[in-house]
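**Q** Chains as they are written, first to last, in this note's numbering: chain A, 5 to 151; chain B, 40 to 163; chain C, 8 to 308.
Derived from the structure by calculation, the hints contain no laboratory data. Positions of the beta carbon are idealized from the N, C-alpha and C atoms, including for glycine. One or more hints might be untrue.
Said to hold, decoys possible - What follows is a set of in silico ranges between Cβ atoms, one per label pair, in the way DEER data are often shown: (1) A/D116 <-> B/A89: 23 to 33 Å; (2) C/E98 <-> A/E117: 34 to 44 Å; (3) C/E32 <-> A/D139: 20 to 30 Å; (4) A/M68 <-> C/E98: 26 to 36 Å; (5) C/Q170 <-> A/D70: 16 to 26 Å; (6) C/P102 <-> B/K156: 28 to 38 Å; (7) C/D64 <-> B/A89: 12 to 22 Å; (8) A/I137 <-> C/D231: 15 to 25 Å; (9) C/E32 <-> A/G34: 19 to 29 Å.
Unchecked claim - A short, non-exhaustive set of chain A residues, derived as facing chain C with CB atoms under 8 Å: (10) T133; (11) R138; (12) L143.
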Amino acid sequence: MPDEVRVRIGADEDLVSARAQARALADQLGFSRTDATLIATAISEIARNIVVHVGQGEIVLRAMEDDRRRGLAVIAEDAGPGIRDVQEALRDGYAGRAGLGLGLPGARRLMDEFDIDSEVGRGTTVTMTKWRIRDELELLRERRRSG
Amino acid sequence: MSVAILHQGEYVIASIQSDLSDREVVALRDDLTRRVGDHRARGLIVDVAAMDVIDSFVARALRSIAETALMRGAETVIVGIQPDVAIAMVQFRLNLEPLRAALDLDDAVRILDRLVKRGSPDAR
Amino acid sequence: MEADQSEGTKLPITAPAVDPDLLHELVDHLRKSQEALREEWVRRITEAKLLSVMTPDEIFSEVTAVYDNYVTALETGSIETLQEYARDLSERIIPRGVETDEVLGIVLLLRDVLARSLFVNYQRDPDLLHRILDSYEPAANSIAVTVGVSFVDERERIIREQQEAIRELSTPVLQVRERLLILPIIGVLDAARARQLTEQLLAAIRDNRARVVVIDVTGVATIDLTVANHLVQAVEASRLMGASAILTGLSSGIAQTLVDLGVDLGTMQTVGDLQGGLEEAERMLGTSVPGVDETSWRSFQ
Numbered sequence: 005m006p007d008e009v010r011v012r013i014g015a016d017e018d019l020v021s022a023r024a025q026a027r028a029l030a031d032q033l034g035f036s037r038t039d040a041t042l043i044a045t046a047i048s049e050i051a052r053n054i055v056v057h058v059g060q061g062e063i064v065l066r067a068m069e070d071d072r073r074r075g076l077a078v079i080a081e082d083a084g085p086g087i088r089d090v091q092e093a094l095r096d097g098y099a100g101r102a103g104l105g106l107g108l109p110g111a112r113r114l115m116d117e118f119d120i121d122s123e124v125g126r127g128t129t130v131t132m133t134k135w136r137i138r139d140e141l142e143l144l145r146e147r148r149r150s151g
Numbered sequence: 040m041s042v043a044i045l046h047q048g049e050y051v052i053a054s055i056q057s058d059l060s061d062r063e064v065v066a067l068r069d070d071l072t073r074r075v076g077d078h079r080a081r082g083l084i085v086d087v088a089a090m091d092v093i094d095s096f097v098a099r100a101l102r103s104i105a106e107t108a109l110m111r112g113a114e115t116v117i118v119g120i121q122p123d124v125a126i127a128m129v130q131f132r133l134n135l136e137p138l139r140a141a142l143d144l145d146d147a148v149r150i151l152d153r154l155v156k157r158g159s160p161d162a163r
Numbered sequence: 008m009e010a011d012q013s014e015g016t017k018l019p020i021t022a023p024a025v026d027p028d029l030l031h032e033l034v035d036h037l038r039k040s041q042e043a044l045r046e047e048w049v050r051r052i053t054e055a056k057l058l059s060v061m062t063p064d065e066i067f068s069e070v071t072a073v074y075d076n077y078v079t080a081l082e083t084g085s086i087e088t089l090q091e092y093a094r095d096l097s098e099r100i101i102p103r104g105v106e107t108d109e110v111l112g113i114v115l116l117l118r119d120v121l122a123r124s125l126f127v128n129y130q131r132d133p134d135l136l137h138r139i140l141d142s143y144e145p146a147a148n149s150i151a152v153t154v155g156v157s158f159v160d161e162r163e164r165i166i167r168e169q170q171e172a173i174r175e176l177s178t179p180v181l182q183v184r185e186r187l188l189i190l191p192i193i194g195v196l197d198a199a200r201a202r203q204l205t206e207q208l209l210a211a212i213r214d215n216r217a218r219v220v221v222i223d224v225t226g227v228a229t230i231d232l233t234v235a236n237h238l239v240q241a242v243e244a245s246r247l248m249g250a251s252a253i254l255t256g257l258s259s260g261i262a263q264t265l266v267d268l269g270v271d272l273g274t275m276q277t278v279g280d281l282q283g284g285l286e287e288a289e290r291m292l293g294t295s296v297p298g299v300d301e302t303s304w305r306s307f308q
């Protein structure tokens, strides 16, 4: 199981690939079908932002874990124009360029953690994570494997 | 082929076979709009059972299809939204109005039959 | 489901230095003496009263397979085959009531039987015996651990399956009659439970081709804004699957409070009690799905 998967985002077709890879990693990490769909949907929105508003960027899918949880972190980075008003962009109903909106508030609702770091002229990094609880049996098994 | 389209009486039935790129979604939208007009369809059914992600772009395209179809006298019904996709759409707050949703083709046809009968002054 | 992480994991035949020739020799010896050693092993198993749930024939056939796999594992240093066999064996014997201590017990007995045999065979050359045991011991212990772990893993897999089954049972979606489902919710409705309930409801809608679902919340402990939102989401998701939802069991007081709090109940049908909800569902089914009202229906109590 890879710790990290990098997905280049530069064309329309890359969205299909990004969705599929996100789902595959989510499955491997033991996320439920529904959670995998939530993650894939959130990534679709973020990846589209990159294609439509910037042209190209990269999305990193990273496996996370702590004592009680497993997570999938999505770090979407671009060197585009940046978002002038992040708060505004996170508001439902924000139309953005060409009235497409940025899908950000929706993506945020789908994930557990969501953060945007953006600066006009520098670019944008969206970091979002979904977690799932590792139950007793799973913890036991892992402790045995590593111990 | 990404989408299978067939004409059944006054209805157009589009069956999406796989995950579509944005370009393909737009092409589908334009194609369906044209067919509804060309065939004077009274109903349009879009089967999304094979889509495992329906995001804002797809939702917007579906709404657009439905609105245009309505202007040309056709009602649209979406069928086959999967449970996990439905949950994602609701959590995302994706709205599909004015589209109707049905579980499967049978139900969609029944819904359209009822709507068409109701709406038609001269029953065909 | 997590994929097994071992990719042909090797036994830790590390220090002291393993002599491949020695290993080869001891494996040869174990193969040549296999019949006698297997018999000895079975004798010890019976003496220790292990595997009592199995017949002598069954014990013999399993013992033969384990012995072969054991020696192969020693020889190749690869435990993959052994793991697979152990999993397979566990799958078969756990339902029969074989316990962990029995499985560990028989593997350790085999280790002892083989060790004794090595002692006897090489006793005239203590130095050689020493070196042979240096190769044998770590390998044999690893095998014991592998088999034990596989057994426990299989046990846990079964527990997990049972957990899942219990979880499914604990929130039943009931089919009242054709195209009509009832979901009575009882207890606390937190996010996790709401998600699980919604998933089950949607699956039931799909499997039963339901057109109407009645969600009764009479038994829900507290209905606050969060709970209300969960319910609204369940209703909206049902709608996306072509089913209308009727919410029953909401007191008018709570319904008003929710409306005041901004919860959009307007698009949802809410009817006082379950009976009223069922009647409304009937009405809806009567008009929207032609032919369904002729179907006989089981009474719900």
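**Q** Could you see if the CB distance from C/E32 to A/G34 stays within 19 to 29 Å?
**A** 45 Å, violated
**Q** Could one say that the CB atoms of C/Q170 and A/D70 fall in the range 16 to 26 Å?
**A** Holds: the Cβ-Cβ distance is about 23 Å, inside 16 to 26 Å.
**Q** Minimum Cβ distance from A/L143 to chain C below 8 Å?
**A** 11 Å, violated
**Q** Return holds or violated for the Cβ distance of C/E32 and A/D139 against the range 20 to 30 Å.
**A** 47 Å, violated
**Q** Would you say the C-beta atoms of C/E98 and A/E117 sit inside 34 to 44 Å of each other?
**A** 40 Å, holds
**Q** Does the CB of A/R138 sit less than 8 Å away from some CB of chain C?
**A** Because about 11 Å separates A/R138 from the closest Cβ in chain C, which is outside the 8 Å limit, the hint is violated.
**Q** In this structure, is the beta-carbon distance linking A/D116 and B/A89 contained in 23 to 33 Å?
**A** Holds: the Cβ-Cβ distance is about 28 Å, inside 23 to 33 Å.
**Q** Check the following: the C-beta atoms of A/M68 and C/E98 are separated by a distance inside 26 to 36 Å.
**A** Holds: the Cβ-Cβ distance is about 33 Å, inside 26 to 36 Å.
**Q** If you check the beta carbons of C/D64 and B/A89, does the distance land in 12 to 22 Å?
**A** 52 Å, violated
**Q** Is 15 to 25 Å right for how far apart the beta carbons of A/I137 and C/D231 are?
**A** Roughly 23 Å apart at Cβ, these two residues keep to the hinted range, so it holds.
**Q** Restraint: A/T133 near chain C, CB-CB cut 8 Å. Satisfied or not?
**A** Result: violated, 17 Å to nearest chain C Cβ.
**Q** For the pair C/P102 and B/K156, does the Cβ-Cβ distance stay inside 28 to 38 Å?
**A** 58 Å, violated
Hints 3, 6, 7, 9, 10, 11 and 12 from the earlier list are contradicted by this structure; the remaining hints agree with it.
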